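Undergrad: Sequence:
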Amino acid sequence: VDNPINKIKVVISKVYPNYEISETKENRMNYALCTIRRHEKGKKVPLHKDNVTYEGIEYNVSKIDNQISCILHLQETERGGKLLIYKKKWEKKFEEFREIEFGYNSILTKNVEVDKIEPKIGDLVIINPNYLHEITKIQGNTDRITLGMFFGIQNKSKKIFSWA
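End of the sequence shown sits at 164 in our numbering; the numbers just go up one at a time, nothing left out.
Don't take each hint at face value.
Stated by the list, open to error - Below are the PhoX-like pairs computed for lysine-lysine, each with C-alpha atoms no more than 20 Å apart in a straight line:
#1 Lys159 / Lys63
#2 Lys120 / Lys43
#3 Lys116 / Lys25
#4 Lys43 / Lys137
#5 Lys82 / Lys110
#6 Lys116 / Lys82
#7 Lys110 / Lys89
#8 Lys9 / Lys158
Worth flagging that the hints you see were computed from the coordinates, not collected in a lab. In this text the structure is predicted, and so the values were computed from the model without any measurement.
Construct all of the structure, not just a fragment, from the sequences and the given hints.
TA: Below is the structure:
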């Protein structure tokens, strides 16, 4: 079986052909290469954004110009588990709508255009994680399983760092 992380890096290198891709290290320790997520029946992922330049400012990985998220779908659900990406980029003022446990109040996306992605096994979804997004409730008995990772892009040095 081919290494899915390497396959994702090949795709990213085609989008950024003149950039060097490497894994992220900090304090001589490696970051995780990826995260495997299992979303069970009845679960959803609330409205959120992934922005290391805001939420991880104390880490070197936050010193990037751009960030992308890559999600490889390993198992699809019977129903639900759609990725909803809203055409609304996160702004610091949205923090007043942050929910206590995780994510943001859905009032932020009221009347906002949305792209709906219903991934199939093997689909690689690449998104700008600064746009508000969520995963709909999983229905049926089959879990949604994904492999996820982030890439941070430094334009001046033409370097891309991966982490999870």
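Undergrad: With the threshold set at 20 Å, check whether the alpha-carbon distance from Lys9 to Lys158 stays at or below it.
TA: With a Cα-Cα distance of about 15 Å, the restraint between Lys9 and Lys158 holds, given a limit of 20 Å.
Undergrad: Verify the proposed pairing of Lys120 with Lys43, using a straight-line Cα cut of 20 Å.
TA: Holds, at about 18 Å.
Undergrad: Just to be careful, I want the Cα atoms of Lys110 and Lys89 compared with a cutoff of 20 Å; is the pair within it?
TA: 14 Å, holds
Undergrad: Are the Cα atoms of Lys116 and Lys25 separated by 20 Å or less?
TA: Violated, at roughly 34 Å.
Undergrad: Is it true that the CA of Lys43 sits at most 20 Å from the CA of Lys137?
TA: This hinted pair holds, its Cα atoms lying about 5 Å apart.
Undergrad: Are Lys159 and Lys63 close enough, with their CA atoms no more than 20 Å apart?
TA: Distance ~12 Å between Lys159 and Lys63 Cα, so the pair holds.
Undergrad: Are Lys82 and Lys110 close enough, with their CA atoms no more than 20 Å apart?
TA: 18 Å, holds
Undergrad: Given the hinted pair Lys116 and Lys82, is their alpha-carbon gap at most 20 Å?
TA: The hint holds at about 7 Å.
In this structure, the one hint that does not hold is number 3.
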